[in-house]
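Engineer: In my numbering, the protein residues as written are 1202 to 1734.
Quick caveat, the hints were computed from the structure, so don't treat them as lab data. Possibly wrong hints are sitting among the right ones.
[Claimed, not checked] Ranges of calculated distance between the beta carbons of each label pair, as one might list FRET restraints:
{"#": "1", "residue 1": "Ser1220", "residue 2": "Phe1288", "range": "49 to 55 Å"}
{"#": "2", "residue 1": "Gly1662", "residue 2": "Asn1385", "range": "55 to 61 Å"}
{"#": "3", "residue 1": "Phe1288", "residue 2": "Thr1659", "range": "18 to 24 Å"}
{"#": "4", "residue 1": "Ala1336", "residue 2": "Pro1260", "range": "42 to 48 Å"}
{"#": "5", "residue 1": "Ala1336", "residue 2": "Glu1620", "range": "57 to 63 Å"}
{"#": "6", "residue 1": "Phe1288", "residue 2": "Lys1386", "range": "35 to 41 Å"}
[To be verified] The calculated DSS-like cross-link candidates involving lysine-lysine, where the alpha carbons are at most 27 Å apart (straight line), are:
{"#": "7", "residue 1": "Lys1694", "residue 2": "Lys1207"}
{"#": "8", "residue 1": "Lys1239", "residue 2": "Lys1716"}
{"#": "9", "residue 1": "Lys1716", "residue 2": "Lys1658"}
{"#": "10", "residue 1": "Lys1658", "residue 2": "Lys1317"}
{"#": "11", "residue 1": "Lys1386", "residue 2": "Lys1689"}
{"#": "12", "residue 1": "Lys1689", "residue 2": "Lys1642"}
{"#": "13", "residue 1": "Lys1207", "residue 2": "Lys1239"}
{"#": "14", "residue 1": "Lys1386", "residue 2": "Lys1262"}
{"#": "15", "residue 1": "Lys1386", "residue 2": "Lys1398"}
{"#": "16", "residue 1": "Lys1694", "residue 2": "Lys1317"}
{"#": "17", "residue 1": "Lys1398", "residue 2": "Lys1694"}
{"#": "18", "residue 1": "Lys1694", "residue 2": "Lys1386"}
{"#": "19", "residue 1": "Lys1317", "residue 2": "Lys1337"}
{"#": "20", "residue 1": "Lys1658", "residue 2": "Lys1642"}
{"#": "21", "residue 1": "Lys1262", "residue 2": "Lys1689"}
{"#": "22", "residue 1": "Lys1386", "residue 2": "Lys1642"}
{"#": "23", "residue 1": "Lys1386", "residue 2": "Lys1716"}
{"#": "24", "residue 1": "Lys1694", "residue 2": "Lys1723"}
{"#": "25", "residue 1": "Lys1239", "residue 2": "Lys1723"}
{"#": "26", "residue 1": "Lys1262", "residue 2": "Lys1658"}
{"#": "27", "residue 1": "Lys1398", "residue 2": "Lys1689"}
{"#": "28", "residue 1": "Lys1262", "residue 2": "Lys1642"}
{"#": "29", "residue 1": "Lys1689", "residue 2": "Lys1207"}
From the three backbone atoms N, C-alpha and C, an ideal C-beta is built for every residue, glycine too.
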Amino acid sequence: MRVFGKRSLFLPHSSSIMSMNMGPIYPALVREMYPGDKIIISHEALLRAAPMLFPPYSPVKMTFDYFFNENRNVWNDDKNADWSTFFTASKNGKAIDNPDDLPEHPYIVVPEGGFKTSSLADYLGFSTEPALAGAKVSAMRFRHYQKIVSDFYADENFSTMPVIGYGEGLDTTTSFELFQRCWNKDRFTTAALEPQKGISVGIPLAGDIPVIGNGMTLGLTNGTDYAGLTGGNDSLLTTVKNRYGANVKDGGTPTWDAYLKNSNIGVTADPTKSGLIADTSAVEPIPIDELHFLTQVERLQQRDGMWGTRDFECIRTQFGVCVPDTRLQRATHLGRSVVDVHFSEVLQTSQSTENSAQGTISGHTIAVDAGHPVRYSCVEHGFLFVMVNIQPIAQYQQGIPRDALYQTRYDYMWPVLSETGEQELYSAEVYATRDNVESRKIFGFEPRYNHLRFGEKTVHGDFRGNLSGYHLGRIFTSEPNLNENFIKADPTKRCFAVELQNVDAFWLRMEFNIKHVRRLPKWPTPSAIGKIF
1202 MRVFGKRSLF LPHSSSIMSM NMGPIYPALV REMYPGDKII ISHEALLRAA PMLFPPYSPV
1262 KMTFDYFFNE NRNVWNDDKN ADWSTFFTAS KNGKAIDNPD DLPEHPYIVV PEGGFKTSSL
1322 ADYLGFSTEP ALAGAKVSAM RFRHYQKIVS DFYADENFST MPVIGYGEGL DTTTSFELFQ
1382 RCWNKDRFTT AALEPQKGIS VGIPLAGDIP VIGNGMTLGL TNGTDYAGLT GGNDSLLTTV
1442 KNRYGANVKD GGTPTWDAYL KNSNIGVTAD PTKSGLIADT SAVEPIPIDE LHFLTQVERL
1502 QQRDGMWGTR DFECIRTQFG VCVPDTRLQR ATHLGRSVVD VHFSEVLQTS QSTENSAQGT
1562 ISGHTIAVDA GHPVRYSCVE HGFLFVMVNI QPIAQYQQGI PRDALYQTRY DYMWPVLSET
1622 GEQELYSAEV YATRDNVESR KIFGFEPRYN HLRFGEKTVH GDFRGNLSGY HLGRIFTSEP
1682 NLNENFIKAD PTKRCFAVEL QNVDAFWLRM EFNIKHVRRL PKWPTPSAIG KIF
């Protein structure tokens, strides 16, 4: 087969400067890709921080992630109005001759007042001038961003998944919001609400279990008063002071000072006074094969809860096979670069006020990164995204060590018990109070003895109080619960001179060195009529 169009090498050097905060995922570079493209791309980055009151001691990372996502992944609705139909002008091999029958390209309408500064649209390359309001623009960049976030950053158990539209024409579904990344994975942010995914597996009982009397009066109640069933001249029901819970062999005479009249009567829920007992002697034994099967089903659900149930996660966990992203309609992760953000002090050299003495420390920040080149050969239409994120490592100061909660010999590590399912993670390990220590309140569930696999990241001394501005650790105002708010990263700004959330705390400059081979001529000719390729 003869392919028209020679390949040419292009060097489309790109640069960008942007302000940003810790927490959100920002698109740093978006580049359109075509079949046959070959690209080698690397970045250089310089990060500085806004004026700081203190130089924080907490570790902070800046991460660059490279992705490619196919157009078909974000335009594939069930009404035959998908990317393939649009691009090839055909459906199932049959040409669509009438242009009006082709799917309409997805678009959004710029909101009134235009896109906001520091919004997702801003970082995707759209103007924030009010004059753009009401214009129709392609929805593809927004869809690709949310698809990448959904595939790689969102937590399936807690995160509110980004909303994505997959149809043609006007797109009023796809989210315009930047996604707030989850905290780094530690014991608390990886905990689960249940010890397994799905309903816990139970062991069934075989046969009927008869209910018989236990030699006591039948305990009855109307919901408020209680009575024992007994014989008498006026009534069969006596109050709790009489025959309630009495032995039927006791010939005592009931008194009739009160009755359960005009009431709906039921059997009491108190097992010591009901007069009933279940006879399990007729229950058949459970086949050992069935017990083995149910045990393994429980293990399967525990692995699902630990590692996830999205296609990629499930197949990798249960079968040990890493499925290529393209086979599962996922974005493709191409590479990553992580660099430490360094904070240093700025010493005041003269006393300006009584409260600002000579030698007072404030902060200064810089980070430099030169990532390794990422190579990719493209076989489909899509977009290449470079995502950047700044994130402190979570530190805690309001809990107590797990060993402080030990009570029995089984709280200590036993190798033979290491694979017996999940263990409780206690609220006191995150935020300790007398009540949750004494009640051993459960915060979530984690793999057994997981506390012996992780290191602790804690805060001590004056850093807990009057020096709290010198770190970015998590400080809770009340006992937290395991939910989306707990795992979603929203780092503090207490070390910055301006703590407002709408004021970005970091300033980033990026240079992208790109070698891009495309099926395009190096320079176009005015007319290609009659030209033989």
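Engineer: All hints are to be evaluated individually against the structure, with a verdict given for each.
Structural biologist: Taking the hints in turn, this is what the structure says about them:
Between serine 1220 and phenylalanine 1288 the C-beta distance comes to about 37 Å, which lies outside the given range of 49 to 55 Å. The hinted window of 55 to 61 Å between glycine 1662 and asparagine 1385 is violated, with their beta carbons roughly 23 Å apart. Checked against the hint of 18 to 24 Å, the C-beta distance between phenylalanine 1288 and threonine 1659 comes to roughly 55 Å, which is inconsistent with it. At about 43 Å, the beta-carbon gap between alanine 1336 and proline 1260 stays in the expected band of 42 to 48 Å.
At about 59 Å, the CB distance of alanine 1336 to glutamate 1620 agrees with the hint of 57 to 63 Å. One distance hint, 35 to 41 Å for the beta-carbon pair phenylalanine 1288 and lysine 1386, holds here, with the actual separation near 39 Å. Annotation: proposed proximity of lysine 1694 to lysine 1207 is violated, straight-line Cα distance about 53 Å (limit 27 Å). Using a Cα cut-off of 27 Å, the hinted pair lysine 1239 and lysine 1716 holds, with the two alpha carbons roughly 8 Å apart.
A threshold of 27 Å between alpha carbons decides the hint, and for lysine 1716 with lysine 1658 the separation of about 42 Å lies outside it, so the pair is violated. Note on lysine 1658 and lysine 1317: the hinted pairing is violated, with a Cα-Cα distance of about 37 Å set against a maximum of 27 Å. Of the pairs offered as hints, the one joining lysine 1386 and lysine 1689 holds, with about 11 Å between alpha carbons and a cut-off of 27 Å not exceeded. Between the alpha carbons of lysine 1689 and lysine 1642 the distance comes to roughly 22 Å, so the proposed pair stays at or under 27 Å and holds.
With a C-alpha separation of about 13 Å, the suggested pairing of lysine 1207 with lysine 1239 holds against the 27 Å cut-off. With a C-alpha separation of about 14 Å, the suggested pairing of lysine 1386 with lysine 1262 holds against the 27 Å cut-off. Under the criterion of a C-alpha separation no larger than 27 Å, the hint pairing lysine 1386 with lysine 1398 is consistent with the structure, at around 19 Å. Our distance criterion of 27 Å between C-alpha atoms is met by lysine 1694 and lysine 1317, whose separation comes to about 22 Å.
For the given pair, lysine 1398 sits about 36 Å from lysine 1694 by alpha-carbon distance, which is inconsistent with the 27 Å threshold. For the proposed pair lysine 1694 and lysine 1386, the alpha carbon gap of about 21 Å is at most 27 Å, so the pair holds. Only pairs whose Cα atoms come within 27 Å are accepted, and lysine 1317 paired with lysine 1337 is accepted, the gap being roughly 16 Å. Between lysine 1658 and lysine 1642 the alpha-carbon distance is near 22 Å, which keeps this suggested pair within the 27 Å criterion.
For the given pair, lysine 1262 sits about 16 Å from lysine 1689 by alpha-carbon distance, which is consistent with the 27 Å threshold. Taking the CA atoms of lysine 1386 and lysine 1642, the gap is near 22 Å; set against the 27 Å cutoff, the hint holds. Pair hint lysine 1386 plus lysine 1716 does not hold up; C-alpha atoms about 35 Å apart against a cutoff of 27 Å. Straight-line distance between C-alpha atoms of lysine 1694 and lysine 1723 comes to about 49 Å, which puts the hinted pair past the 27 Å bound.
Of the supplied pair hints, the one linking lysine 1239 and lysine 1723 holds, its CA atoms being roughly 15 Å apart against a limit of 27 Å. Our distance criterion of 27 Å between C-alpha atoms is met by lysine 1262 and lysine 1658, whose separation comes to about 15 Å. Taking the CA atoms of lysine 1398 and lysine 1689, the gap is near 21 Å; set against the 27 Å cutoff, the hint holds. Pair hint lysine 1262 plus lysine 1642 does not hold up; C-alpha atoms about 33 Å apart against a cutoff of 27 Å.
A hinted pair counts as satisfied when its Cα atoms are at most 27 Å apart, and lysine 1689 with lysine 1207 does not qualify at roughly 48 Å.
Against the hints set out earlier in the document, violations occur for numbers 1, 2, 3, 7, 9, 10, 17, 23, 24, 28, 29.
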